[in-house]
Amino acid sequence: MTTAPTETEKTDESTVPPPKRHHPEYVPGELPVVQRLVWVNVLRIVGSLAVPVVGFVVLWSTFDFLRDADANRLLVAGVAIVVGVVGVFALFWGMNRFVDWLPAHLREGVRPYIFVGPALVILAVFLIYPVINTILISFKDATGRDFVGLDNYDFVFTDPSMLRSIRNTAMWIVLVPLVAVSIGLVFATIADRLRRGEAVAKSFIFLPMAISFVGAAVTFRLIYSFRPAGFGSNIGLLNGIWTGLGNNPVSWLSQRPWNNLFLMAIMVWMQTGFAMVVLSAAIKSIPDEIIEAARIDGASELQVFGRIIVPSILPTVVVVTTYMVINALKVFDIVFVIGNAEANGTEVIAERMIRWFFIQGNQGHAAAIAVVLFAAVIPVMVWNVRRFREQEMTR
Amino acid sequence: MTLTAPLPESVTEAPPKPTKAEALGVRRGGWFIRITIVVIVLLWLIPVAGVLVTSFRSETLANTTGWWEAFAHPFRSGQWTFENYRQALDTGGFQSSFLNSLAVAVPATVIPITIAAFAAYAFSWMDFRGRYVLFVLVVGLMVVPLQMALIPILRLYAGGAKLGGVTVFPDLKLNGTFLGIWLAHTGFGLPLATYLLRNYIGSLPSSIIESAKIDGADHFTIFWRLVVPLSVPALAAFAIFQFLWVWNDLLVAYVFLGGTRETRVVTIALSNLVGSRGENWNLLTSAAFISMVLPLAVFFSLQRYFVRGLTAGSVKG
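Keeping their order, the protein sequence lines are chains A and B.
To convert, take the position in the first sequence, counting from 1, and add 1418; that gives the working numbering.
To convert, take the position in the second sequence, counting from 1, and add 222; that gives the working numbering.
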């Protein structure tokens, strides 16, 4: 990480022709220090806010016009792209020009905030403020108006359906990463041995990554489809095989507690490819000499795998597993689309949150559930920040 | 100015190397390995194959016999049809949903990238107080679950915000509008975009930035003429990741856009169809395939960037 040293800033100013001054009263050096600081900070705030606010107003008025005109969506998308790309860029450009007009002693103090400010303002509105507000709402009633103390948390940790959802989520975050990473690791290792077709085989395993959770849920609903004996032949593949073996058809999605595993299979199907691709890249970067030396020393293929390949790629395995744990923690779509979560005992935390927020309309309960999710990712957050700081040290 | 400086390595992907065993001249995979791979690949493809085959079968056949039975009489008349797709696109409303998804996904990809690129440049090459702390904040925000943002943002959209009687955020009735969901996706995608682009832009050789400064270029010129063209791989990787994320998203669309026929996106339309016509498999499968077509096309045509985008996106919250 290289910082732009202050020397270069000075070079910058001396080589660029001084821009026209529209504010003759701020000649460099004339303002007292305190007043100058005030000005710099005011300009920084204005600069940060200008792009998001002006951009929003332009988009909003354009959009209002489009809504009145009952325009088709292609036009809406087209206008949005033009305003979104050209407009946002033009705003940045305009603000940069505005900074050029400022007196020299203010200019380079304000300019970074023109670049970084809009992102910070948006993060503040869409992530930082909501996190604080959600925590507050979690102590309030269903409408989010009056404080009710810890009632919502009491609900979260006593309601039978909520407790089931916590238990199920705990199973999701253990089993899905475990199975997906294991299959991905084995597949990456053996595909590495193929003479031909490694890339093709890998891309087929990876393909479900491109599909939405909703699409995957529909795909597997077909596989698990069930019709009781006497109500027509079973069109689901699983029951097709099962009845073909002479058994009675089974309603897979209502077999407690195994139905949870059938839902987890959907996520394993979707995420194994990701683990496989990342681990495959890690395996290929192990120095050949190490593996060669082990083989010469008479190590079997299994020993090479267990004693050399796995330990060498362990850091990658940890990163991939963490990613999958977070994904499994937030799984919502699969359970929501398959449906009947309460009847089948397949509730998960993220799905409960939406159910209490949208369908039951209880903001307090929903916020408390969200805070539980948030608390669960805090360790990962800390770990991410720590890892980033270590990277910065060595950079 | 000339750009002869070597490009840094892609965001995460390791360059392809000859197969390890090949380089070592070790015994190649035998039958056992090949059969294992074929079995796993088949297991992974069968679910999609089932959807694809069912979606082209006539209504009665699709709903009364297993899709694998189609292979017993592949050329029987009345076996295959496009009727399901016509019905899904037309009466099922998937044509307009597809357009809605495009209208949501394209701006929700482009706007965050533009804003994040400027921020990433500032975090990499500009000097300002709090730079490190603010970036650590961005890193921390990456894994915040979306669920934490839904209630307050929806309240902002539907009622604005007041602080001690003063309106801080006016009631703009953004709920159920495209603009509302663009902004939401912009906010949610921004930490990851900033993080990835800053990693890439920050690793550009400082010599080219310095020489551009000596040549008299200001920050804006360096950003636009030098850094953006050099960062195309990272920009493309994130663009693909964000586009697919938005296209495949159900949660944000469900909360901010809703299920009305005028605005609903394909994922919402498909999930509604499961609720209303859950046993009409001919319709469900064709609708599911319509929702998958664009991501799959992106996957097959831009696989390299796609993999980079996803591996790089592995930290998103």
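These aren't lab readings, by the way, just hints derived from the structure by calculation.
Note that CB positions come from ideal geometry on N, CA and C, so glycine has one too.
There's no promise every hint is true.
Simulated restraints, written as ranges between beta carbons of each label pair [what the hints assert, rightly or not]:
{"#": "1", "chain 1": "B", "residue 1": "Pro392", "chain 2": "A", "residue 2": "Gln1453", "range": "46 to 54 Å"}
{"#": "2", "chain 1": "B", "residue 1": "Phe254", "chain 2": "A", "residue 2": "Phe1649", "range": "16 to 24 Å"}
{"#": "3", "chain 1": "B", "residue 1": "Pro392", "chain 2": "A", "residue 2": "Phe1649", "range": "52 to 60 Å"}
{"#": "4", "chain 1": "B", "residue 1": "Arg351", "chain 2": "A", "residue 2": "Met1811", "range": "17 to 25 Å"}
{"#": "5", "chain 1": "B", "residue 1": "Arg483", "chain 2": "A", "residue 2": "Glu1760", "range": "50 to 58 Å"}
{"#": "6", "chain 1": "A", "residue 1": "Arg1804", "chain 2": "B", "residue 2": "Trp302", "range": "26 to 34 Å"}
{"#": "7", "chain 1": "B", "residue 1": "Trp290", "chain 2": "A", "residue 2": "Ser1672", "range": "22 to 30 Å"}
{"#": "8", "chain 1": "A", "residue 1": "Asp1572", "chain 2": "B", "residue 2": "Pro392", "range": "35 to 43 Å"}
Heads up, incomplete: computed chain B residues facing chain A, CB under 8 Å, no partners named [claimed, not checked]:
{"#": "9", "residue": "Val261"}
{"#": "10", "residue": "Ile262"}
{"#": "11", "residue": "Phe410"}
Given Phe410(B) as an interface hint, is the shortest Cβ-Cβ distance to chain A below 8 Å?
holds, 7 Å
Taking the CB of Trp290(B) and the CB of Ser1672(A), does the distance hold inside 22 to 30 Å?
holds, 24 Å
Does the beta carbon distance between Pro392(B) and Gln1453(A) stay inside 46 to 54 Å, or does it fall outside?
violated, 33 Å
Verify the interface restraint on Val261(B): the C-beta must sit less than 8 Å from at least one C-beta of chain A.
violated, 11 Å
Taking the beta carbons of Phe254(B) and Phe1649(A), is their distance inside 16 to 24 Å?
Given a distance of about 43 Å, which is not inside 16 to 24 Å, the answer is violated.
Given a hinted range of 50 to 58 Å, is it respected by the beta-carbon distance of Arg483(B) and Glu1760(A)?
violated, 28 Å
Would you say the C-beta atoms of Asp1572(A) and Pro392(B) sit inside 35 to 43 Å of each other?
holds, 36 Å
With a cut-off of 8 Å on the beta carbons, see whether Ile262(B) makes it to chain A.
holds, 6 Å
Between Pro392(B) and Phe1649(A), does the C-beta distance stay in 52 to 60 Å?
holds, 56 Å
Return holds or violated for the Cβ distance of Arg1804(A) and Trp302(B) against the range 26 to 34 Å.
Since the Cβ atoms of Arg1804(A) and Trp302(B) sit about 57 Å apart, the hinted range of 26 to 34 Å is violated.
So the hint says 17 to 25 Å: do the beta-carbon atoms of Arg351(B) and Met1811(A) match that?
holds, 21 Å
Hint compliance for this structure: hints 1, 2, 5, 6, 9 are broken, all remaining hints hold.
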